[in-house]
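Number of protein chains: 4
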Amino acid sequence: MISRYSLSPMKEIWTQEAQYERWLEVELALIKTYEELGIAPQNSYKNAKKNSKIDVEEILKIESEVRHDVIAFIKSVTENMNDEARYFHMGLTSSDVIDTALSLAMKQSLELIIDKLNEFIKVLKILAKKYKNTITLGRTHGIHAEPTSFGLKWLSYLSEAERNRERLEKTLEDISQGKLSGAVGNYANIDPSVEKKVLEKLSLMPCKISTQIVPRDIHAEFLYNLSLLGAGIERIALEIRHLQRSEVQEAFEPFTKGQRGSSAMPHKKNPIISERLCGMARLLRSNADAAAENIALWHERDISHSSIERIIIPDSCLIAFYMLEKVTWMVEGIDVKEDQMIEQFKRSYNLVFSQRVMLTLVSKGFSREDAYKLTQKVALECWNSKKDFKEEIKKVNDDEHYFSKNEIEDIFNPTYFLKNISKIYERFNFEDEE
Amino acid sequence: MISRYSLSPMKEIWTQEAQYERWLEVELALIKTYEELGIAPQNSYKNAKKNSKIDVEEILKIESEVRHDVIAFIKSVTENMNDEARYFHMGLTSSDVIDTALSLAMKQSLELIIDKLNEFIKVLKILAKKYKNTITLGRTHGIHAEPTSFGLKWLSYLSEAERNRERLEKTLEDISQGKLSGAVGNYANIDPSVEKKVLEKLSLMPCKISTQIVPRDIHAEFLYNLSLLGAGIERIALEIRHLQRSEVQEAFEPFTKGQRGSSAMPHKKNPIISERLCGMARLLRSNADAAAENIALWHERDISHSSIERIIIPDSCLIAFYMLEKVTWMVEGIDVKEDQMIEQFKRSYNLVFSQRVMLTLVSKGFSREDAYKLTQKVALECWNSKKDFKEEIKKVNDDEHYFSKNEIEDIFNPTYFLKNISKIYERFNFEDEE
Amino acid sequence: MISRYSLSPMKEIWTQEAQYERWLEVELALIKTYEELGIAPQNSYKNAKKNSKIDVEEILKIESEVRHDVIAFIKSVTENMNDEARYFHMGLTSSDVIDTALSLAMKQSLELIIDKLNEFIKVLKILAKKYKNTITLGRTHGIHAEPTSFGLKWLSYLSEAERNRERLEKTLEDISQGKLSGAVGNYANIDPSVEKKVLEKLSLMPCKISTQIVPRDIHAEFLYNLSLLGAGIERIALEIRHLQRSEVQEAFEPFTKGQRGSSAMPHKKNPIISERLCGMARLLRSNADAAAENIALWHERDISHSSIERIIIPDSCLIAFYMLEKVTWMVEGIDVKEDQMIEQFKRSYNLVFSQRVMLTLVSKGFSREDAYKLTQKVALECWNSKKDFKEEIKKVNDDEHYFSKNEIEDIFNPTYFLKNISKIYERFNFEDEE
Amino acid sequence: MISRYSLSPMKEIWTQEAQYERWLEVELALIKTYEELGIAPQNSYKNAKKNSKIDVEEILKIESEVRHDVIAFIKSVTENMNDEARYFHMGLTSSDVIDTALSLAMKQSLELIIDKLNEFIKVLKILAKKYKNTITLGRTHGIHAEPTSFGLKWLSYLSEAERNRERLEKTLEDISQGKLSGAVGNYANIDPSVEKKVLEKLSLMPCKISTQIVPRDIHAEFLYNLSLLGAGIERIALEIRHLQRSEVQEAFEPFTKGQRGSSAMPHKKNPIISERLCGMARLLRSNADAAAENIALWHERDISHSSIERIIIPDSCLIAFYMLEKVTWMVEGIDVKEDQMIEQFKRSYNLVFSQRVMLTLVSKGFSREDAYKLTQKVALECWNSKKDFKEEIKKVNDDEHYFSKNEIEDIFNPTYFLKNISKIYERFNFEDEE
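Chains as they are written, first to last, in the numbering used here: chain G, 1 to 434; chain A, 1 to 434; chain R, 1 to 434; chain U, 1 to 434.
Chain G extracted, bound-state conformation:
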């Protein structure tokens, strides 16, 4: 991933050095296990830990000769070891180390992502509560539909974010699996009990069954669920982009101090963060698609998945983390224009209330047919001549022929449409966050 989108602490997980450290962590857990089992002599672990060293440059140099990353690693890292070196990597196959360490990295990454997601969820709850009673126009097909609560949008994003959290928590469990089952997964040179002990030390579970590697549907699930997380963020970002349009202006991304869209045109505040997030969702999607091609490997494993995983797994972790960071910042600082939301009703001449006019007429005894005809006539006139529907209804009604003045105000009162939303809010738990 380019440095522009690599944020701490996620980026520290995916350095070359951190990878070697995780390999070492696995190897040391093995020596500790051997010591506990009486296979390695006392202090083997202590000495191995003390005498191991990670020298990235050196390892890469050796690798360029032997063309095998784990052999290069072992050679370099054990250089200063004494007898304890005998137990280093003993009974393991390279993939035992690599794949277990990859699970560790994915687990750590996912924990960071879930933490960030929890922060984001808190912010979404705040917005959902804050705008519960804020009237805005609901739009379907991009067309004004019915008044609704601005808070419901945030409640909807909250609900999706909670679904994504649930998916990722499930995935966190699934990815917390390592394997020390040998070259073809049959434990020919290592006992399952050793695997269990080693993985316990790493807070991982053993795969119920592995080949040379951890099965790749698990990694695909991981990237699929990051893709869903990204699409959930994209949905919010797309909404902001729409609300910030020059013709809408109902909400704006926070504008950093010193930032300028255009020198002379103050309206030129571009929703660049939201746009950036939309682009990034595409990457999470396509990386996930690629990961699904890595599942069907040959026999007890082929290594075709490896080259692409070196790219897409870190990249998707980094991008997902970046997206959460930015969307949280953006939503937290969002500049909402409640007046403008009301103003917006005029763009469709208050015609969003036409159905209520008609239904009120019906409730007053008009036949549906007559009510419809009357309403439709006025509505069409407003649409064609760009006149305000409320004003035209008042004109038609000027002797209170159909409605009392109060009734008119009531009909055109958008809060009517919020009457049931508390029942939606009650389905969510707002307590725990306070």
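Just so you know, not all the hints are guaranteed correct.
If several chains are the same, the list does not tell them apart, and a pair holds so long as it fits within one copy or across any two.
What the hints assert, rightly or not - When the alpha-carbon atoms are kept at most 25 Å apart in a straight line, the in silico BS3-like pairs for lysine-lysine are as follows:
{"#": "1", "residue 1": "Lys-201", "residue 2": "Lys-170"}
{"#": "2", "residue 1": "Lys-201", "residue 2": "Lys-405"}
{"#": "3", "residue 1": "Lys-419", "residue 2": "Lys-197"}
{"#": "4", "residue 1": "Lys-208", "residue 2": "Lys-129"}
{"#": "5", "residue 1": "Lys-208", "residue 2": "Lys-387"}
{"#": "6", "residue 1": "Lys-337", "residue 2": "Lys-377"}
{"#": "7", "residue 1": "Lys-53", "residue 2": "Lys-11"}
{"#": "8", "residue 1": "Lys-208", "residue 2": "Lys-132"}
{"#": "9", "residue 1": "Lys-423", "residue 2": "Lys-197"}
{"#": "10", "residue 1": "Lys-395", "residue 2": "Lys-423"}
{"#": "11", "residue 1": "Lys-196", "residue 2": "Lys-423"}
{"#": "12", "residue 1": "Lys-208", "residue 2": "Lys-170"}
{"#": "13", "residue 1": "Lys-130", "residue 2": "Lys-75"}
{"#": "14", "residue 1": "Lys-423", "residue 2": "Lys-49"}
{"#": "15", "residue 1": "Lys-423", "residue 2": "Lys-201"}
{"#": "16", "residue 1": "Lys-390", "residue 2": "Lys-346"}
{"#": "17", "residue 1": "Lys-116", "residue 2": "Lys-11"}
{"#": "18", "residue 1": "Lys-129", "residue 2": "Lys-419"}
{"#": "19", "residue 1": "Lys-386", "residue 2": "Lys-346"}
{"#": "20", "residue 1": "Lys-346", "residue 2": "Lys-387"}
{"#": "21", "residue 1": "Lys-61", "residue 2": "Lys-11"}
{"#": "22", "residue 1": "Lys-208", "residue 2": "Lys-423"}
{"#": "23", "residue 1": "Lys-75", "residue 2": "Lys-373"}
{"#": "24", "residue 1": "Lys-196", "residue 2": "Lys-419"}
{"#": "25", "residue 1": "Lys-116", "residue 2": "Lys-208"}
FYI, nobody ran anything at the bench for these hints, they're computed from the structure.
We have chain G already, so just place chains A, R and U on it with the hints.
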């Protein structure tokens, strides 16, 4: 493909019957060739043609027994033949027939698509010319940017459509390849000269080299270029969806007589065709992605590509054809609101002219710094208080302190921004269509 | 989906008629609810049920005029109704019906898929048990690696199938959500309690919050998990294709009576089902990829997802079902050649035992260096001269210099590599299936 | 892209510094143009060039404040300029610089890729010629089919590589387009003649029409065609993986001196480069899929494409270049085992000749029915009892009942199958490379 999106004459290409007819076409071209070469006796072709029959039900019934589609086909189609049956399929392998016939189907489909695309290009030219001098707001990031010509949008779509036509014409050549090179592509049982003569009759070229089948990068290229065509249509559809938004209302999809978005709300005209087209572009994209997995087959062929090709190739042809049909209809009948485009400038308080105010001040001798400060002060006031920038500039200027009245009108005249567009139009050929 | 790959009872779920029946099911559940709540008079439900009719042709004819599928449906289906028609669709928006009915269809489909998957899992268990002690060569990178148990392959597929079942069961819950929350999801014209009662009758839960529609991350999750299921089947199919290679011949797809790969060449049994399944996995993948583009819709919904969902959702259900049917059949009838598996060791000259030779030498007191040199010398000679490693070791050893005769037999006994596999089997539950 | 897969000189194109240098190149071409047109005073270009500096750290530091990359760039790069700074960026919008420079980078990258591809094509020609008469088994479905020439495989890859070269050469033309048409593509602040002159200096053409940016179907075409290139390499890599299988051993990737697959097992040469290339093809595919989502942008541009393009465009260039480097190396050093190819016929008991036996019987006057029965009987016996078909035919024939001895040798001579391959080779031009 579901019948809802299957239009004639494209759908007739992809029936089971049409497939068998193409197989027969290949087989008859072979007999004719054998007759020409003196291998088959005179009248073999005539008799084979006369005595062949296609009975879809019967073929499928036989296939369910023998589990081989070409064997079933041959058995049924030659049932009423006499001696000429000896030369039917002689020297061929099943894939010679299937793959050559598939090329025929793709070629026919692509010809239909290019025809439709040509019609569409004509309509785009008409719109580009018609709206050449129609002022509209150019928008970047969804934010008002600079006035521009509404015709330029159509010229841009035209240009993309022409690029897609060029791509598809290249692909038409590439797909016009068949093969009669036998089971592994070595012509062990058939001479290359026979292949050449047969394919000539079918207006196809021989593959320079084939395996058991025509190489699949060609089919992937086909679907990739249909995907680009779809994305070009998506771009237009997305524009219409934006222009039809309740807050924009600058252009509308045609509304069929009798169609109703909503019974009482006449503003509820939903851009459903444009939305449908956007969804369909996603299918063309994902089908193309799948096709690229079909290229790397095992050795002289494995048949894993076949099951998915039976679905994605017809589906992408049908959808591309449907999209062209609909987008042409939509663009042809588009309801453009030129007044509304001018009205739109007010949504950003005519601030799109602020740069011209500043530059005019500079041209009058103001330092850039002073010009900027003056303009920015007024502009910010307008933005914050929702005042019209032109009116505020007039106020500041009320003694013609900075500008003459004519100058003000000139500054706020959006046609300034169209001064160079003829030079763009000149790059396109509008002659040939008239 | 083409009829070739559409199997009962899945295909009956996705007919046009079945869709209208589900719509009617939703509408009738509403009338019943109204009746229960005293809103509609007694017997409304009974009469509505009795007087409703579904006439697909008529509905489609009306739709072609009014260009609205639900309006056409209502008009046709209520034609013979009396007063109860007043309560038909009352308070609903079209998407309440469409999206709730879509959830029903996806739920029914997923139930069928899970049933099939359960059958498949049973078959996998049988194979895993049957071949527990069957020696075969484990291969990594396509190269002989270490002896292993043929049963472990099936246990590995079983484990993946169980993970996929778990995913799909979770998805079944997630997809069992409907919505009757109106045009923008705010229940302006219907009470949440009505939604609850109606959905209960349909065995669905209400969405915690909906827009005009059920949120689309749920549908993407559905297709993502079908894609993982497909990739799991692809993994098995790919294995069969490898095992059936002419050079391997360790296992064969069942060959139907009467089926012929080639008339004269009996070895020409092609693994066509496996190949077909591999192709189909690509479709599930690309459909899933497309579904993820449907999540970020505009505001309270745009309808761009609809066109593509009409295709990819039924297609993925049909293909997943087909794949399960075929893979179960294939695995159930698999023709395993245990002798050939042993024969295979000769292809790499029994060199897979070289490590055991070396380790045995070490255990006898040889330095690792010396043991390595000795083994390596013989091994290289075998590799270069295509000699059998066991025989060459015997020669080197002819005076029992290094090993006793029994030791040699022991070293070259592949069952050694199975010593720990019972511990893997113990992790699985084989009881419940008997 | 990770450094592991970033090779010179491609990686130098995609550094941050190189990007700024290309931006400067565009800006300087503008000043030169202004000077030529008499708009800027003499020596403006010379001075601007002399006084410009690129300080990556400084630019990034400024960007972190102003949040606009081009503004930061201009500020830093012009710091030491005098009057000539007035003409720097004059009349341009940021995207004029960014997008034109991106085209330059893609053009340079594609030129490198085409150069590498030409080298690869030379190597493919060498192999095609070298193995023209090498007998090998053609395989379909992974099953032995018919003898063929090993050279035909390479000729087939050559042909695909040539198609990919043709596609990339077309794309090179298409991508060689820049734009200096201003904020919405209407040349309001710059004349098309200036654009033309500037782009000429950069060896680019002006877009026929642009919005704020170069249209994105061109970038998608670029990535689509890199994806096809990748799939072509994947096809070769997949073949090598198959040929190197322990059961096949017909060809091997070059094994670097010092490289070891396994310490004791010399047969453990893993085709790791080929496997790596297969994985990388997946990345090119998914990046291309993502690029196609970037085409339909809002109005005169939205910037959602930018974040993802910063990743996928360099990554796909780097990976494509890496793949070509490696596949060329691999193919050049391939270790072909011609003897083993002949040996292979025994794996299917020489049954690949059964059809020739049957056809020879027919040519000798046997009815097709009788010939078939006889052949089939022997063939089945061989298949079931693992006997050699040639030997069994000899037995049946022991009194030369059916064939003379010479005829038998002729029937079982695989060179028969190569009789027409010269005609395929003649379609290719081998002259120009020598």
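Status of the hints after comparison with the structure:
| no. | hint | result |
| --- | --- | --- |
| 1 | Lys-201 to Lys-170 | within (21 Å within a copy, 30 Å between copies) |
| 2 | Lys-201 to Lys-405 | neither (75 Å within a copy, 43 Å between copies) |
| 3 | Lys-419 to Lys-197 | between (58 Å within a copy, 20 Å between copies) |
| 4 | Lys-208 to Lys-129 | between (44 Å within a copy, 16 Å between copies) |
| 5 | Lys-208 to Lys-387 | neither (70 Å within a copy, 39 Å between copies) |
| 6 | Lys-337 to Lys-377 | between (33 Å within a copy, 22 Å between copies) |
| 7 | Lys-53 to Lys-11 | within (22 Å within a copy, 31 Å between copies) |
| 8 | Lys-208 to Lys-132 | between (47 Å within a copy, 16 Å between copies) |
| 9 | Lys-423 to Lys-197 | between (50 Å within a copy, 15 Å between copies) |
| 10 | Lys-395 to Lys-423 | neither (37 Å within a copy, 52 Å between copies) |
| 11 | Lys-196 to Lys-423 | between (49 Å within a copy, 12 Å between copies) |
| 12 | Lys-208 to Lys-170 | both (17 Å within a copy, 20 Å between copies) |
| 13 | Lys-130 to Lys-75 | neither (60 Å within a copy, 42 Å between copies) |
| 14 | Lys-423 to Lys-49 | neither (59 Å within a copy, 31 Å between copies) |
| 15 | Lys-423 to Lys-201 | between (47 Å within a copy, 21 Å between copies) |
| 16 | Lys-390 to Lys-346 | both (10 Å within a copy, 23 Å between copies) |
| 17 | Lys-116 to Lys-11 | within (14 Å within a copy, 33 Å between copies) |
| 18 | Lys-129 to Lys-419 | within (16 Å within a copy, 51 Å between copies) |
| 19 | Lys-386 to Lys-346 | both (9 Å within a copy, 16 Å between copies) |
| 20 | Lys-346 to Lys-387 | both (9 Å within a copy, 18 Å between copies) |
| 21 | Lys-61 to Lys-11 | both (23 Å within a copy, 20 Å between copies) |
| 22 | Lys-208 to Lys-423 | between (44 Å within a copy, 10 Å between copies) |
| 23 | Lys-75 to Lys-373 | between (88 Å within a copy, 20 Å between copies) |
| 24 | Lys-196 to Lys-419 | between (57 Å within a copy, 17 Å between copies) |
| 25 | Lys-116 to Lys-208 | between (30 Å within a copy, 23 Å between copies) |
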